[in-house]
Amino acid sequence: MSLDKPYKDVPGTTIFDADMSRQGYHLNQFCMSLMKAENRARFKANERAYLDEWPMSEEQKQAVLARDLNRCIALGGNIYFLAKIGATDGKSFQQMAGSMTGMSEEEYRNMMVSGGRSAEGNRYIGEKK
Amino acid sequence: MSLDKPYKDVPGTTIFDADMSRQGYHLNQFCMSLMKAENRARFKANERAYLDEWPMSEEQKQAVLARDLNRCIALGGNIYFLAKIGATDGKSFQQMAGSMTGMSEEEYRNMMVSGGRSAEGNRYIGEKK
Amino acid sequence: MARITASVYTSHVPAVGAALDLGKTAEPYWQPVFKGYEFSKQWLKDQKPDVIFLVYNDHANAFSLDIIPTFAIGTAPEFAVADEGWGPRPVPKVIGHPKLAGHIAQSVIQDDFDLTIVNKMDVDHGLTVPMSLMCGQPQAWPCPVIPFAVNVVQYPVPSGRRCYMLGKAIRKAIESYDEPLNVQIWGTGGMSHQLQGPRAGLINKEFDTAFLDRLIADPEGLSAMPHIDYVREAGSEGIELVMWLIARGAMSDVNGGKPPTVRHRFYHVPASNTAVGHLILENN
Amino acid sequence: MARITASVYTSHVPAVGAALDLGKTAEPYWQPVFKGYEFSKQWLKDQKPDVIFLVYNDHANAFSLDIIPTFAIGTAPEFAVADEGWGPRPVPKVIGHPKLAGHIAQSVIQDDFDLTIVNKMDVDHGLTVPMSLMCGQPQAWPCPVIPFAVNVVQYPVPSGRRCYMLGKAIRKAIESYDEPLNVQIWGTGGMSHQLQGPRAGLINKEFDTAFLDRLIADPEGLSAMPHIDYVREAGSEGIELVMWLIARGAMSDVNGGKPPTVRHRFYHVPASNTAVGHLILENN
Ligand SMILES: [Fe+3]
Ligand SMILES: [Fe+3]
Chain F
67 MSLDKPYKDV PGTTIFDADM SRQGYHLNQF CMSLMKAENR ARFKANERAY
117 LDEWPMSEEQ KQAVLARDLN RCIALGGNIY FLAKIGATDG KSFQQMAGSM
167 TGMSEEEYRN MMVSGGRSAE GNRYIGEKK
Chain B
67 MSLDKPYKDV PGTTIFDADM SRQGYHLNQF CMSLMKAENR ARFKANERAY
117 LDEWPMSEEQ KQAVLARDLN RCIALGGNIY FLAKIGATDG KSFQQMAGSM
167 TGMSEEEYRN MMVSGGRSAE GNRYIGEKK
Chain S
295 MARITASVYT SHVPAVGAAL DLGKTAEPYW QPVFKGYEFS KQWLKDQKPD
345 VIFLVYNDHA NAFSLDIIPT FAIGTAPEFA VADEGWGPRP VPKVIGHPKL
395 AGHIAQSVIQ DDFDLTIVNK MDVDHGLTVP MSLMCGQPQA WPCPVIPFAV
445 NVVQYPVPSG RRCYMLGKAI RKAIESYDEP LNVQIWGTGG MSHQLQGPRA
495 GLINKEFDTA FLDRLIADPE GLSAMPHIDY VREAGSEGIE LVMWLIARGA
545 MSDVNGGKPP TVRHRFYHVP ASNTAVGHLI LENN
Chain E
295 MARITASVYT SHVPAVGAAL DLGKTAEPYW QPVFKGYEFS KQWLKDQKPD
345 VIFLVYNDHA NAFSLDIIPT FAIGTAPEFA VADEGWGPRP VPKVIGHPKL
395 AGHIAQSVIQ DDFDLTIVNK MDVDHGLTVP MSLMCGQPQA WPCPVIPFAV
445 NVVQYPVPSG RRCYMLGKAI RKAIESYDEP LNVQIWGTGG MSHQLQGPRA
495 GLINKEFDTA FLDRLIADPE GLSAMPHIDY VREAGSEGIE LVMWLIARGA
545 MSDVNGGKPP TVRHRFYHVP ASNTAVGHLI LENN
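Here the protein sequences line up with chains F, B, S and E, keeping their order. For the first sequence, the positions run 67 to 195 when the working numbering is used. For the second sequence, the positions run 67 to 195 when the working numbering is used. For the third sequence, the positions run 295 to 578 when the working numbering is used. For the fourth sequence, the positions run 295 to 578 when the working numbering is used.
These are computed hints drawn from the structure, not numbers from a lab. Just so you know, these numbers come straight off a predicted model, no measurement behind them. Hints are not guaranteed to be accurate.
Coverage of chain E stretches by chain B, computed from C-beta distances (three or more under 8 Å per stretch; other residues unrestricted) [claimed, not checked]:
1. 411-422
2. 440-449
3. 557-570
One-sided and incomplete, this derived list gives chain E residues near chain S with beta-carbon spacing under 10 Å [unchecked claim]:
4. 361
5. 377
6. 435
Using 27 Å as the maximum straight-line C-alpha spacing, the simulated BS3-like pairs for lysine-lysine come out as follows [unchecked claim]:
7. 552(E) x 71(F)
8. 462(S) x 393(S)
9. 102(F) x 387(S)
10. 102(B) x 387(S)
11. 329(E) x 552(E)
All C-beta atoms in this analysis are idealised placements derived from N, C-alpha and C, irrespective of residue type, glycine included.
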């Protein structure tokens with residue numbers, strides 16, 4: 067593809083575009099299936115078996131099992147879909163977002179209460195912080 | 067609504083627009099349900115009972131029972147949806163189309179083989195034929 | 295004829311809905327957020343709109359990756375509240391306005407906007423949280439709502455310019471509707487926030503403040519801002535702000551009329567991961 | 295880079311598919327129809343396209359009234375053949391080209407066409423009948439196909455002008471794709487026909503002939519023709535012809551290149567209720 071992707075140089079950020087969507091299709095559709103209580107119960111009872119019903123890559127399955135959301139996103143997951151895993155686990159959106167930053171839950175919450183993460187130093191990859 | 071409907075003056079023709087679609091929603095969704103073999107069987111076994119499962123108007127139900135496609139269209143039906151009734155009955159698209167013209171099946175077929183219905187005299191309502 | 299009397303802009307943070315539904319509005323964390331909407335609730339009661347045209351985005355609830363409409367207009371008589379994974383919010387179902395919605399669809403498609411018409415759609419927090427913020431917790435919403443869902447999940451989302459021009463087409467459609475309806479148009483989502491990756495938690499107050507300023511005074515110029523500026527400055531989910539331009543494009547001043555009155559303006563950080571912004575503009 | 299080498303235009307009459315599937319092609323009624331495609335089948339074999347971008351409409355098979363996209367692009371790896379009420383046609387499933395389709399979607403949406411992206415969609419006779427006419431009855435279709443569905447069922451359908459401009463945007467998208475693919479674009483549907491009401495059976499050979507002439511020589515002018523002319527002159531379902539303008543807008547001559555060669559032209563009345571038209575244009 068030779069379309070411009072100007073968003074590739076934003077640090078710590080993955081834009082969910084057509085390429086990512088293609089890669090993450092089954093991962094995201096798996097997440098979507100967790101909107102049904104019945105499926106949530108089956109997933110909780112045996113995560114691996116439930117995941118094996120989906121034509122996802124082994125990497126994607128491992129990322130889900132490890133609840134490694136950054137890895138899920140790198141493999142085509144989208145945060146609004148991945149949020150269904152969080153809902154299944156009883157996690158809030160703030161807990162999920164925080165889990166991707168390398169901060170503890172409390173550190174993240176405190177950062178948000180203090181005005182959030184500054185854009186300064188966070189606009190371009192390699193920019194001096 | 068004050069949108070232009072320039073297509074109101076074409077004889078023997080109903081344009082399936084937003085107003086017709088609103089009116090015919092349940093009629094058309096009923097037709098769509100006939101795409102499943104199971105539903106076709108249930109409809110054939112007891113047409114009236116099957117129709118009563120849908121929030122259609124009594125007029126719409128009567129038009130379906132009578133296979134009066136012109137009436138169905140006047141009540142919001144669209145030909146591509148109504149075609150599912152024809153498929154259920156084992157009718158071809160030509161038989162269905164012909165049934166709306168007041169011609170016999172043979173007359174209609176002969177007209178088509180001879181080049182179809184002329185546009186002459188069929189462009190405007192009230193136009194001299 | 296129907297006319298657009300006002301536009302409302304607001305974030306639609308899901309945690310705000312949860313705080314309301316769980317009775318936490320008086321907690322110190324949430325109290326300032328809800329205080330920002332006190333004026334708005336009274337204002338809405340006084341305004342008595344007949345219909346709200348509500349621009350929002352679905353968050354992988356009504357639409358999976360199976361079908362992703364860029365612009366979807368809800369023309370159904372009613373819309374159920376989505377179960378987003380923890381049960382549907384305990385709020386009233388949404389009553390639509392099929393006749394006006396059908397009219398708008400017909401007009402706007404003829405103006406070369408390639409809408410998807412939707413007759414069956416559950417509405418998620420993107421729509422219900424703004425309703426809750428503006429209406430509180432009534433037994434039924436005060437008027438019919440036309441849901442208008444914009445894809446901001448899978449890139450490319452529509453450009454700010456496209457959204458702004460769409461707003462103008464929606465205005466033209468509403469103003470050509472025969473009944474004398476008092477219609478409001480709401481733009482929701484934003485403000486700065488990022489929900490994903492190591493940069494999650496980004497908040498940019500300077501950007502948000504400038505966005506509000508320009509939305510009021512220079513919407514045409516603002517509509518030219520490219521996606522990358524939203525992503526870089528306001529976070530990957532800050533892109534939701536393009537939806538505010540649809541509502542803004544439908545206002546009188548950018549269609550040959552008088553400047554609007556800024557009836558209310560509010561900004562607060564944080565609500566969960568997000569900066570909350572809110573604005574009410576009245577046509578004159 | 296990928297390039298569009300040719301465009302193909304053809305009716306997609308369901309009865310033609312049935313005649314083929316039921317082995318009736320040699321019957322006197324059908325023989326002249328299939329004869330019109332003999333050249334085309336050989337031509338397609340010789341051309342060996344890598345991908346076919348196939349513009350068609352769904353006939354209430356993939357899309358009910360629950361969701362009606364004006365323009366839907368299929369980005370899935372494969373598409374099943376729809377059961378239109380008498381079982382799926384006995385033809386191969388359709389293999390898509392997700393990467394090129396995704397690229398086109400991304401480019402065209404950024405050019406302000408508000409596509410709906412579809413990853414799950416059964417394809418009906420609108421797509422499979424043209425494939426059968428051009429390929430016969432193979433075990434597998436000769437190359438991947440990108441299905442592009444246009445709403446021509448619920449009015450308002452997109453204008454001819456909008457379709458023509460979309461074709462130009464699709465061309466730009468395809469020509470910016472990195473791999474050296476031989477891409478054909480097909481426009482299907484039409485020609486004059488009306489399937490409903492007392493006027494059913496309308497055929498207008500003069501209109502169809504003029505349409506083919508103008509499609510070749512004056513597509514820009516032709517694109518200005520309003521819907522009502524299609525309906526009045528070519529029957530209510532003749533409106534499908536707007537889809538041909540998408541394919542035509544993607545050709546070289548209307549994008550700064552040389553005029554195409556008319557490789558084949560065919561017209562016959564009737565096939566069931568419909569006038570059959572067919573055209574092959576090669577870029578130079
Ligand atoms: Fe949102
Ligand atoms: Fe067709």
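Status of each hint after checking the structure:
Figure legend: the segment 411-422 of chain E, annotated as covered by chain B; annotation inconsistent (0 residues with Cβ-Cβ distances under 8 Å, at least 3 required). Figure legend: the segment 440-449 of chain E, annotated as covered by chain B; annotation consistent (3 residues with Cβ-Cβ distances under 8 Å, at least 3 required). With 5 residues bearing a CB less than 8 Å from a CB of chain B, the segment 557-570 of chain E meets the requirement of three and the coverage assertion stands. The interface hint given for residue 361(E) is met, as the beta carbon of that residue sits about 5 Å from the closest beta carbon of chain S, less than 10 Å.
Checking residue 377(E) against chain S: minimum C-beta separation of about 18 Å lies over 10 Å; hint violated. For residue 435(E), the suggested interface contact is broken, since its CB lies about 23 Å from the closest CB of chain S, more than 10 Å. With a C-alpha separation of about 32 Å, the suggested pairing of residue 552(E) with residue 71(F) is violated against the 27 Å cut-off. Using a Cα cut-off of 27 Å, the hinted pair residue 462(S) and residue 393(S) holds, with the two alpha carbons roughly 20 Å apart.
Taking the CA atoms of residue 102(F) and residue 387(S), the gap is near 20 Å; set against the 27 Å cutoff, the hint holds. A threshold of 27 Å between alpha carbons decides the hint, and for residue 102(B) with residue 387(S) the separation of about 30 Å lies outside it, so the pair is violated. A hinted pair counts as satisfied when its Cα atoms are at most 27 Å apart, and residue 329(E) with residue 552(E) does not qualify at roughly 30 Å.
The structure shown violates the earlier hints numbered 1, 5, 6, 7, 10 and 11.
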